[in-house]
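A.B. asks: Take a look at the letters that make up each chain.
Number of protein chains: 2
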Amino acid sequence: MSVVVVGSVAYDGVETPHGKVERMLGGAATYISLAASYFSKTKLVGIVGDDFDQADEQLLSSRGIEMEGLERVPGKTFFWAGVYSPDMNDRTTLVTDLNVFAGFNPKLPASYRDSPYLILGNIQPALQRSVRAQMNGVRLAGGDTMNYWIRDYRDELLETIREWDFLLINDAEARMLSDEYNLKRAAAKILEMGPRTLVIKRGEYGAILFHGASHFMVPGYLLEEVFDPTGAGDCFAGGFIGYLAEKGFDLKNGHIDARELSRAVIYGSVMGSFCCEKFGVERFRSLNRAEIDERFCEFRAFTEF
Amino acid sequence: MSVVVVGSVAYDGVETPHGKVERMLGGAATYISLAASYFSKTKLVGIVGDDFDQADEQLLSSRGIEMEGLERVPGKTFFWAGVYSPDMNDRTTLVTDLNVFAGFNPKLPASYRDSPYLILGNIQPALQRSVRAQMNGVRLAGGDTMNYWIRDYRDELLETIREWDFLLINDAEARMLSDEYNLKRAAAKILEMGPRTLVIKRGEYGAILFHGASHFMVPGYLLEEVFDPTGAGDCFAGGFIGYLAEKGFDLKNGHIDARELSRAVIYGSVMGSFCCEKFGVERFRSLNRAEIDERFCEFRAFTEF
Chain A
1 MSVVVVGSVA YDGVETPHGK VERMLGGAAT YISLAASYFS KTKLVGIVGD DFDQADEQLL
61 SSRGIEMEGL ERVPGKTFFW AGVYSPDMND RTTLVTDLNV FAGFNPKLPA SYRDSPYLIL
121 GNIQPALQRS VRAQMNGVRL AGGDTMNYWI RDYRDELLET IREWDFLLIN DAEARMLSDE
181 YNLKRAAAKI LEMGPRTLVI KRGEYGAILF HGASHFMVPG YLLEEVFDPT GAGDCFAGGF
241 IGYLAEKGFD LKNGHIDARE LSRAVIYGSV MGSFCCEKFG VERFRSLNRA EIDERFCEFR
301 AFTEF
Chain B
1 MSVVVVGSVA YDGVETPHGK VERMLGGAAT YISLAASYFS KTKLVGIVGD DFDQADEQLL
61 SSRGIEMEGL ERVPGKTFFW AGVYSPDMND RTTLVTDLNV FAGFNPKLPA SYRDSPYLIL
121 GNIQPALQRS VRAQMNGVRL AGGDTMNYWI RDYRDELLET IREWDFLLIN DAEARMLSDE
181 YNLKRAAAKI LEMGPRTLVI KRGEYGAILF HGASHFMVPG YLLEEVFDPT GAGDCFAGGF
241 IGYLAEKGFD LKNGHIDARE LSRAVIYGSV MGSFCCEKFG VERFRSLNRA EIDERFCEFR
301 AFTEF
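Protein chains in written order, with our numbering: chain A, 1 to 305; chain B, 1 to 305.
It is possible that part of the hints are untrue.
Copies of one chain are not kept apart here, so a pair can be met inside one copy or by any two copies together.
Pairs of lysine to aspartate or glutamate residues, derived as DMTMM-like cross-links and limited to a Cα-Cα distance of at most 20 Å, are as follows [unchecked claim]:
#1 Lys41 - Glu260
#2 Lys278 - Asp56
#3 Lys184 - Glu277
#4 Lys41 - Asp250
#5 Lys76 - Glu22
#6 Lys184 - Glu224
#7 Lys247 - Glu304
#8 Lys107 - Asp171
#9 Lys184 - Glu225
#10 Lys189 - Asp87
#11 Lys189 - Asp50
#12 Lys247 - Asp257
#13 Lys41 - Asp293
#14 Lys247 - Asp152
Honestly, the hints are just simulated from the structure, not real lab data.
Based on the sequences and whatever the hints tell you, model everything.
C.D. replies: Here it is, written out as structure tokens:
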């Protein structure tokens, strides 16, 4: 079943201890869509300028991603640049040029509105809310946010996530949103804000899924070399929603299988780990589903006892 | 089967965001022994001064810990004091008074020497080596170390761990010992130094077991309240060796069951998590084996997919 993905499509300049790329395809919607496309029909919603490269569009199309919702307007595509710390656990933003993204007001093509799955990348909560409202009978909707919206748009954000089925954020965001340092207590507070499912991403330390009174934990995949962590969190989100869509997972109509949610977290982890193996979206040029399923089995092998 | 535990027996002064205790029973050998005692006959080797409290000795005896190897000499028992950061991921040492511990030269009672299992808490590598040499036909020997020995006693340490079957250290120590930031590559280097089994403890993020070409990972137990992390790493070590001794695990004579090593890591994690629930050794006054096995099952429930 199909997934609608909404968020930024961008160019990124990235420097890690392994090298520097001045300008490459990036953006949350790009990464989410690429990861989700291995599991389900994926429909992208975003905005780019007239500098958007045909080769980049082709990469997305080559993965079968539906592009009708990608708006093209005069001007420059969103540009972000950052540099990672030597251990790659921190990064400093050097440039944020919103460009045409500043005027992003997502409108869903008619062919998108009946999709059962919706995932909202990190954009202004009011926009996320407006997208949610354009969908007809969505089966599972949720997304991501960030410290800026949590701090300065709190009410708007709370109103938005109240309607979500799942929220995917990192540990620092979970702490900020709940005002609780302890993640177990943070999760309990956040689950009262609306979403029945919360995934806390912990970077190299893995992820925790909270659903009802129980939780599921997975450690991060041990890579021998992390080339570039940019987009890993979004790839996690894409693998998560992509797998649930592939399974036709339904949180609302009683078809709740907590085990499938856990597996979605594993597929999210798998996609995030592949993302780090090369710069930007490079890994997705060659990655195939067999490799993904093989790594899923690896996760089972190194966590089972 | 029985385990010999060698290391510090101390008094600790600890301050965490949850409170402050001026003086309480502590030390690596204390925590390791307490944790191991739930699984196997445990024989302690340490040194204390004439200020060592009978009530503390009684706590150890009440857990069935053999005390013949606890040397008592005139003077004061080792005293350590520290204060934890608000998130409890860092701590600052305020006082280290070695006292009688400065003259520690462990001699194993005859009744200890045929024990099949030996675990060496963090003490000077030469002393660890001398203890290893006093054992007759030990089946499984290993232990812990710290940054100080890695940096300033490197050759002595390398000579010591070359004879070990397992090494239990934290991630910072693994990085320092191997001079590799990446843990997978760090582990590969360390496994070439002698120990066939390496456990890297990651505090709240769990642990990784490296054995041969494969590895096993477990996330840290999610506690709603961490009262005092002091001793958690040593309790991990005690649960790890205690379980292997209970099972009669034998790394040398072909009875290698990697699954049992993984389970030992889980029992280590279980014991470390209980340790954090109260100040110092307090949790061990009431803890029973049924609670331990229950938490082991919890680990399975929140990691299985």
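A.B. asks: All hints are to be evaluated individually against the structure, with a verdict given for each.
C.D. replies: Structure-based check of all given hints:
Within a single copy, Lys41 and Glu260 get their C-alpha atoms as close as 19 Å, which meets the 20 Å cut-off; across copies the closest is 43 Å, which misses it. Taking CA atoms no more than 20 Å apart as the test, Lys278 paired with Asp56 passes inside one copy only; the shortest distance there is 16 Å, against 55 Å between copies. Only between protomers do Lys184 and Glu277 lie at most 20 Å apart by alpha-carbon distance; the minimum there is 14 Å, versus 31 Å within a single protomer. In this assembly of identical chains, Lys41 and Asp250 lie within 20 Å of each other by CA distance solely inside one copy; the values are 17 Å within and 52 Å between copies.
For the identical chains of this complex, Lys76 and Glu22 are intra-copy neighbours only, at 16 Å inside a copy versus 63 Å across copies, given an alpha-carbon limit of 20 Å. Taking the shortest Cα distances, Lys184 and Glu224 sit within 20 Å of each other only across copies (6 Å), while inside one copy they are farther apart (30 Å). In this assembly of identical chains, the alpha carbons of Lys247 and Glu304 lie at most 20 Å apart only when taken from different copies (19 Å versus 23 Å within one copy). With identical chains, the CA atoms of Lys107 and Asp171 are never at most 20 Å apart, being 31 Å at best within one copy and 48 Å at best between copies.
For the identical chains of this complex, Lys184 and Glu225 are inter-copy neighbours only, at 9 Å across copies versus 31 Å inside a copy, given an alpha-carbon limit of 20 Å. For the homomeric pair Lys189 and Asp87, the shortest alpha-carbon distance between copies (19 Å) is at most 20 Å, but the shortest distance inside one copy (32 Å) is not. In this assembly of identical chains, Lys189 and Asp50 lie within 20 Å of each other by CA distance neither inside one copy nor across copies; the values are 44 Å within and 51 Å between. Proximity of Lys247 to Asp257 under the C-alpha cut-off of 20 Å is restricted to the intra-copy arrangement: shortest distance 11 Å within a copy versus 36 Å between copies.
In this assembly of identical chains, the alpha carbons of Lys41 and Asp293 lie at most 20 Å apart only when taken from the same copy (18 Å versus 45 Å across copies). Taking identical chains as interchangeable, the C-alpha atoms of Lys247 and Asp152 are never at most 20 Å apart, the minima being 37 Å within one chain and 56 Å between chains.
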